[in-house]
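Going line by line, the protein sequences match chains A and B. Under the numbering used here, the first residue of the first sequence carries the number 1, and numbering increases by one thereafter. Under the numbering used here, the first residue of the second sequence carries the number 1001, and numbering increases by one thereafter.
There's no promise every hint is true.
Selected chain B positions facing chain A (in silico; Cβ < 8 Å) [claimed, not checked]: (1) P1043; (2) M1048; (3) R1097.
Hints are computed from structural coordinates only; laboratory data are not their basis. We put the CB at the ideal spot given by N, CA and C, even for glycine.
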Amino acid sequence: EAQVTQNPRYLITVTGKKLTVTCSQNMNHEYMSWYRQDPGLGLRQIYYSMNVEVTDKGDVPEGYKVSRKEKRNFPLILESPSPNQTSLYFCASSYRGDTEAFFGQGTRLTVV
Amino acid sequence: EDKVVQSPLSLVVHEGDTVTLNCSYEVTNFRSLLWYKQEKKAPTFLFMLTSSGIEKKSGRLSSILDKKELFSILNITATQTGDSAIYLCAVRAGNNRKLIWGLGTSLAVNP
């Protein structure tokens, strides 16, 4: 089944403790993105990658890192999480960035 | 600055009604416009409209794109309670093929 898989689905952590949210897609898509979704602010892009080893900042990259060592994986790293990073996070992928984006199930992150 | 504006923000209707959701945009280097439905969690894809495909239909849902006036509408006929969701509009634009998202329209269909 074609899908984008995020893990974990839910995470509660403490300020400053490094964490990684994984994202994997099995559709051989070149284009992958990370978004955060907050009430009243909609979906905002954090980082995107147009292909392996090619990543770039989105609209709200501060406090986040990404890597794209393999085509299928695009992990999101929070080196030192803070409470303002409490949010619902989505990973998405698409074919060459020209087709519809497929979303992962989402990760609900709470930083206390 | 690129922007996508959806209206209304919220809508409450009765089952069987027809609804029209609006999406207007101002972007540089338009590539496509996409509609998504978001229920509990992840957005699910509905339609993609481009210069070569300005009208799409699937069952009770249909959408058109007006590239001259820079807007799209999503129509839902004979609404059902299962249509209750947030409907998101996004425009893909620019060389980096970025998706610019509207804030969504929250639709509630009452029995």
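Now for the hints, and whether the structure bears them out:
| no. | hint | result |
| --- | --- | --- |
| 1 | P1043 | holds (5 Å) |
| 2 | M1048 | holds (5 Å) |
| 3 | R1097 | holds (3 Å) |
Of the numbered hints given earlier, the model fails none.
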